[in-house]
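Enquirer: Residue numbers (this note's numbering), protein chains in the order written: chain A, 1 to 210; chain B, 1 to 118.
FYI, nobody ran anything at the bench for these hints, they're computed from the structure. Backbone N, C-alpha and C define an ideal beta-carbon position, used for all residues, glycine too. One should not assume that every hint holds.
[Stated by the list, open to error] Pulled a few chain B residues facing chain A out of the computed Cβ check, cut under 8 Å:
1. Ser60
2. Gly61
3. Val67
4. Arg97
[Stated by the list, open to error] Not the full set, but computed from the structure, chain B residues with beta-carbon under 7 Å of chain A:
5. Gly64
6. Thr68
7. Val71
[Stated by the list, open to error] The following label-pair restraints were derived from C-beta to C-beta distances:
8. B:Gly77 <-> A:Arg202: 47 to 55 Å
9. A:Pro200 <-> B:Arg90: 46 to 54 Å
10. B:Lys11 <-> A:Leu194: 51 to 59 Å
11. A:Trp203 <-> B:Arg75: 49 to 57 Å
12. B:His88 <-> A:Asp110: 29 to 37 Å
13. A:Ala134 <-> B:Arg90: 32 to 40 Å
14. B:Ala14 <-> A:Glu160: 56 to 64 Å
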Amino acid sequence: MDTTDTTDQTQGATPRRATSRSEEVDFWVQAVERVSAGAPPSEAPNSPGRGRASPPPGFGKLWQRTYRARLSGTSEQARAEFDTDGLSLTVTTPGGRSFTGFNTLAVRADGEELVIEITALERSSDPLSELGLALGLMHRLEDRFWARVLRAVAVHFASEPPSAIEMRRVVVDPRRQWRHWRSLGQNAALRSALDAGAGPWRWFRPLKQG
Amino acid sequence: MATTLDATVRKLPAGGCAIDIQGDVTAESEAALMEAFTNACQDDAQTVLLNFERLEYMNSGGIGLLVTLMVRASRQGQRLAATGLSDHYRQIFELTRLDEAITILEREDDLLSTEHPT
Chain A
1 MDTTDTTDQT
11 QGATPRRATS
21 RSEEVDFWVQ
31 AVERVSAGAP
41 PSEAPNSPGR
51 GRASPPPGFG
61 KLWQRTYRAR
71 LSGTSEQARA
81 EFDTDGLSLT
91 VTTPGGRSFT
101 GFNTLAVRAD
111 GEELVIEITA
121 LERSSDPLSE
131 LGLALGLMHR
141 LEDRFWARVL
151 RAVAVHFASE
161 PPSAIEMRRV
171 VVDPRRQWRH
181 WRSLGQNAAL
191 RSALDAGAGP
201 WRWFRPLKQG
Chain B
1 MATTLDATVR
11 KLPAGGCAID
21 IQGDVTAESE
31 AALMEAFTNA
41 CQDDAQTVLL
51 NFERLEYMNS
61 GGIGLLVTLM
71 VRASRQGQRL
81 AATGLSDHYR
91 QIFELTRLDE
101 AITILEREDD
111 LLSTEHPT
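For reference, chain B alone in the conformation it holds in the complex (with noise of 0.2 Å):
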């Protein structure tokens, strides 16, 4: 099975920057995942939504190259948010604890009503 991933960017109607993941997250996907976001960058946005709705598949690599994302949004003075989690992968952020640094919301729309909207 070879390990897949497409990551496109959008802009919010609220402000900020979407990147709508489709496929696997892996320690391969590195290339695809940076490029996203530095492309969700260019505009300066506040808050960068990983929208995983389409996530097919996320393993410990995919959550390393999380971290890896969340330590350059933080050292941009950007805020991570994620949308689209099914429960097992909720699971996983929490036992990893990354949600204590990447926002999870139930819905898109969410993003406006969190403690500091874009």
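Chain A on its own, in the form it takes in the complex (with noise of 0.2 Å):
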């Protein structure tokens, strides 16, 4: 698995163990201020241009989720593949998503089995998306999201799909950082709502104009 392939300049990632320095060096992107996704498809207006996100800046509590499966049957070339290191793969959240911080996936050899390894360290973005978490929705979801992105990783490593998948979550901060609440303005839901929201005027206004 490459991951070099999977990074761009749109998130930051931690890709597996590097040899030596200077690979480790190349496995991180470089920082940059802006978002750029290049040309976005219509229905998802507002992605590019948002700045990168990270746990400090976020509004609502620390959440620290993880979600493990351990698949037998895999071969033993995959074992050994990832037997002295594992691998880990990590995105930062861009600004506008419900969440913010860091998505790191992980796979490890542990004797006959492969582990994979979800984590994300995260906190709402805004207050919106808190009051999501509070309702339990936003849980839900973000458990259901995690757990198909599991299952399909792991389909790349073993013929049948995860018996389990261990879920937990942990508060690792409990405050919310109100100071931080204007980011409601970026949420792309939102704002996508909105936009969609305006819709009729678009399609009036050049009748008018006309």
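With the hints as a guide, bring the two chains together.
Expert: What follows is the structure in structure tokens.
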């Protein structure tokens, strides 16, 4: 698995352990002030131009979610590949997403099994997302999303999906950072909803001008 | 390659404590780093300086540990500072915005001239 192929300038990443200092430097992306995602699809009008994000400036409680699957029936070659150091890849979230933080995917061999683990260290970005967490809705969505990611990764290494996924959720910091409440204005879901709501106005505007 | 971290605590002449980090900082370093931090805080040090001069490797798991450490320090009314970072790791602190919460110093002595000396 070549992790360099999965990283770009839009997200920070820490792929597998490097074998030398120079190689290690190559594996980290360079810092960028603004996310550049190329031409966005029409259904994602506000993804480019956002700043990078991380747990320090987020809004809500700091959570650490861990999702782990143990895969049996993997090939000896696959286990040997991850035997010594394993592999890990981290992405930092762009601004505007509901969560701000780091998501790490790690794969390592453990005897006859491969262990795939996803760790999300993140805060909600704004009060609206935090409300969703408080109501439990966002937790369910996150759990469902990461379980699907884990299963999707698992099929690369094993013929059968994992029989069980362990989930763990702990609060690392229970405090909310109210000074960041203004990030609500960057909430991509909210902006998309407003954009969709303004659709009729855009349809009629050419008629008025004509 | 085994992951190892040697974290030793020493008092600073100007007050506060320093944790000298040697080796690798990864998710597996949690026990060693947290123990060192607990020891550093026994004397109610207002500032804990992380000395990365002999850091060999740090991955994203290690960055996550630093976030946890930062939260612990903040809860206890302490501040974290870092020194000895190579250009590469300094960039990573900027990339992950840790530099907004952890004061980065060129030299250990600079602790005296920062805004909130102990």
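Enquirer: Each of the hints needs a verdict: does it hold here or not?
Expert: Hints and how they fare:
no.	hint	result
1	Ser60	holds (3 Å)
2	Gly61	holds (7 Å)
3	Val67	holds (5 Å)
4	Arg97	holds (4 Å)
5	Gly64	holds (5 Å)
6	Thr68	holds (6 Å)
7	Val71	holds (4 Å)
8	B:Gly77 <-> A:Arg202: 47 to 55 Å	holds (52 Å)
9	A:Pro200 <-> B:Arg90: 46 to 54 Å	holds (50 Å)
10	B:Lys11 <-> A:Leu194: 51 to 59 Å	holds (55 Å)
11	A:Trp203 <-> B:Arg75: 49 to 57 Å	holds (52 Å)
12	B:His88 <-> A:Asp110: 29 to 37 Å	holds (31 Å)
13	A:Ala134 <-> B:Arg90: 32 to 40 Å	holds (37 Å)
14	B:Ala14 <-> A:Glu160: 56 to 64 Å	holds (60 Å)
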